[in-house]
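Novice: Given only the sequences and the hints, what does the whole structure look like? Please build it.
As you go down the protein sequences, you meet chains X and R in turn. If you count the first sequence from 1, position 355 lands on 355 in the working numbering, and the numbers rise without skipping. If you count the second sequence from 1, position 125 lands on 506 in the working numbering, and the numbers rise without skipping.
Hints in this document: simulated from the structure, not taken from any laboratory. A hint or two may mislead.
As the list claims (entries may be wrong) - Straight-line Cα separation of at most 27 Å, BS3-like style, residue types lysine-lysine; simulated pairs: (1) K704/R <-> K128/X; (2) K704/R <-> K263/X; (3) K299/X <-> K725/R; (4) K303/X <-> K710/R; (5) K725/R <-> K303/X; (6) K716/R <-> K263/X; (7) K611/R <-> K263/X; (8) K263/X <-> K725/R; (9) K735/R <-> K299/X; (10) K263/X <-> K735/R; (11) K27/X <-> K735/R; (12) K128/X <-> K710/R; (13) K194/X <-> K162/X; (14) K710/R <-> K148/X; (15) K148/X <-> K735/R; (16) K570/R <-> K148/X.
Said to hold, decoys possible - Label-pair distances were calculated between CB atoms; the ranges are: (17) R706/R <-> A234/X: 31 to 41 Å; (18) E620/R <-> P180/X: 46 to 56 Å; (19) R259/X <-> M457/R: 48 to 58 Å.
Backbone N, C-alpha and C define an ideal beta-carbon position, used for all residues, glycine too.
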Amino acid sequence: MGEQSRLCSVWLGSETGILKGVSMSRKQAFNFCNTSHLSRDQEVRALCWGDPGESELLVGSVDGTVKTFSIEKGAFIESRRCGDPAEGCFTGLAALSGSVLLTCGESGTLRVWKEDSSEPVTELDAGKNVCRMRQSPAHQHKVATGGKENGLKIWDLERPDKPVFTAKNLRDDWLDLRRPHWVKDMAFIPDSDKVVTCTGYHQVHVFDPSSPQRRPVLEAAYSEYPLTTLSLPAGGNTVVVGNTHGQIAMLDLRKGLVRGCLKGLAGGVRWLQCHPSQPVVASCGLDRFLRIHSLEDRKLLHKVYLKSRLNCLLLASRDLEDGGGATEGEGASQEVKEEEDEVWDTMEQVGEAEEKPKRKTTEEEGESQKKSKKKRKKGQD
Amino acid sequence: MDITEVPVSQDNRGKKKKNKKPKKKKSVAEEGDGGGGGGAEKKEEKMEKSEAASAFPPTFSVSEIKNKQRRHLMFMKLKQEKRKQKMQLRKKKKKEREALGDKAPPKEVPKTIENQRVYDETTVDPEDEEVAFDEGTDEFSAYFNGLTNPKVLITTSDRPRGRTVRFCEQLATVIPNAHVYYRRGLALKRIIPQCVARNFTYLMVINEDRKVPNGMVLCHLPDGPTAHFKVSSVRLRKEIKRRGKDPTEHSPEVILNNFTTRLGHSIGRLFAALFPQDPQFVGRQVATFHNQRDFIFFRFHRYIFKNEKKVGIQELGPRFTLKLRSLQKGTFDSKFGEYEWVLKRHEMDACRRKFQL
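Specialist: This is the structure we're talking about:
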């Protein structure tokens, strides 16, 4: 089990309670389950890395337990009770340094849990109907929350009484009616204070806490369906959003225009994540597929069928197609990668892998290009 | 018009001009003779050209002949030629097959679109545990575990016309425990909590356009999925030929054909949960939902076993065709609901051999 979990570069949580790990290099999916019998209250709602070294995963379920999964061992090591199911499911999970856990439920209670105690150290009330809580990657103690009729609030955990920044709702529209707002997901833009949010009323807002303006600095709209999730790619200025109809679009944050759409999803998008270094984005949703698109040419790179509806996903920071195991010698890795080449050639739609130019011979390139041309003709996904 | 005649006198002129373009030939011919003579020459030139062409490798196709009747006749000839060749080939093959007798190679199966269907990776494997668990605990589990009995509310879009009203009435006779209510312009989102309070398990809304039913929204009630279908080819009872008497109150059996993929399974279960779990075999009635190429055909029959091997069937009841447009998780909420599957025509219909259900 340990070797299987070490290979996986994408982790997903499903509605049936199974934690799935997918290894892109081998194109295989593995199921990791806590108990021998499955049940719906183990439904995974939140996933996050337990430590910066990415050797542990924190899995939050509907019944209020947070389980820790160790990648080395390939099994769940511990489980903690962090809240009642009556309060609503987890909308955010984060880990602070020193094995401190941060959880937020739908009823708005944001709690900080220390390792061994069953009572939270700090507790915040973030309002009702919180849809998401995210932690800032730059400042570990800053978190943002938002929900339905509950605007974006940025909290500093060291001063838990008042939010550092509360967003104001948009101006009343041309009929002087109050605009409804429903924050569904947010992200902290790196290298600045700004926060970008996506709403259930198909808008994308950018807030700047350092400016005196509490209303959004930038407003952009996409399509007509609620935007459920967003993610920021590595190179700045763009944001990738997904909506309930399965449309994924890349928006430019400078002007708010749509850069392009990623096609292929048939069901609502539940979670999107861009890879920290490679220009790829992984999406999972209600149609039970994991799809990986390339951001540059908007093509589908991989599509994996995982039999349950997927709720959340996590990408490992290392290369997606990495076979895992840093202890492999150069010779062994060469062999593995040549085998992978053959595996790639028989797979759909090989992307232009810039990192493997020396290993691909010209004839293989020609073959794969021909194959991809053929596949495009048939109009495959 | 006798096109087979080849006048000998004009031979030379025809042959000289066979390499020029037809337009030039025509103009020269017209200038040359004019009137009937010109017509005859044109005819001859065409004949010459075609004859010359049939002698040489065909550099022209039948479509280049400008004269419609002539072109039509040439095309008919071409088709007859092809058919003759095909018949000759078949006769030859048949002879060879008879000659070989037992050692003949097996007959080739013709390719159909169903044969060539692209294998769908979401096809459900009957032994798959995860899928079995998923289905065992989904929104229909209450029905399939025998805890609830179906109770269907049938309604239409606002102000339905005669055909739709009759269709709803006939549907109500086909589905046991179904009630038809007039819509009165009520909002579906407000009807749903009331239905749940009165223990309905399904809400079926038949949408009407231009006096003909064309859409159906099927919403499973406590918190179940909502499917939106396009309805076509509706035949009411009086339009069905050789039909039997009206259906009785017995619960019919249900046949679900060809729902193989995961999405197909969900839709199949959606249909199955419309009817009570224990069919009354005394009634000898059966409702069939047959899926072929993503179209679902609904038929309602009465059967009788004449002896062990022969069955007679009589079609009763309405017949219609459905095509799934979207499957939404949760009760009807087309604006803010999450969709489990949406038909995206240009993406999904691009390949003719790939089907979703």
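Novice: Evaluate the given range 46 to 56 Å for the C-beta pair formed by E620/R and P180/X.
Specialist: 48 Å Cβ-Cβ, so the 46 to 56 Å window holds.
Novice: Does the alpha-carbon distance linking K148/X and K735/R stay inside the 27 Å limit?
Specialist: Distance of about 40 Å is beyond 27 Å: violated.
Novice: That 31 to 41 Å hint for R706/R and A234/X (C-beta), does it hold up?
Specialist: Distance hint for R706/R, A234/X holds at roughly 38 Å.
Novice: Quickly compare the C-alpha distance for K128/X and K710/R to 27 Å and report which way the hint goes.
Specialist: holds (24 Å)
Novice: Checking one constraint from the list: CA of K710/R to CA of K148/X, max 27 Å. Satisfied?
Specialist: holds (19 Å)
Novice: With a cut-off of 27 Å on the C-alpha distance, tell me whether K27/X and K735/R pass.
Specialist: holds (22 Å)
Novice: With the threshold set at 27 Å, check whether the alpha-carbon distance from K704/R to K263/X stays at or below it.
Specialist: holds (22 Å)
Novice: For a C-alpha distance cap of 27 Å, please report whether K299/X and K725/R respect it.
Specialist: Within the cut-off at roughly 17 Å; holds.
Novice: Is the straight-line distance between the alpha-carbon of K611/R and that of K263/X 27 Å or less?
Specialist: This hinted pair holds, its Cα atoms lying about 24 Å apart.
Novice: Does the structure keep K263/X and K735/R at a Cα separation of 27 Å or less?
Specialist: holds (17 Å)
Novice: Within 27 Å, alpha carbon to alpha carbon, are K704/R and K128/X?
Specialist: At roughly 41 Å apart (the allowed maximum being 27 Å), K128/X and K704/R break the hint.
Novice: Run the distance test for K303/X versus K710/R: straight-line Cα separation, threshold 27 Å.
Specialist: holds (22 Å)
Going through the hint list in order, the structure does not satisfy hints 1 and 15.
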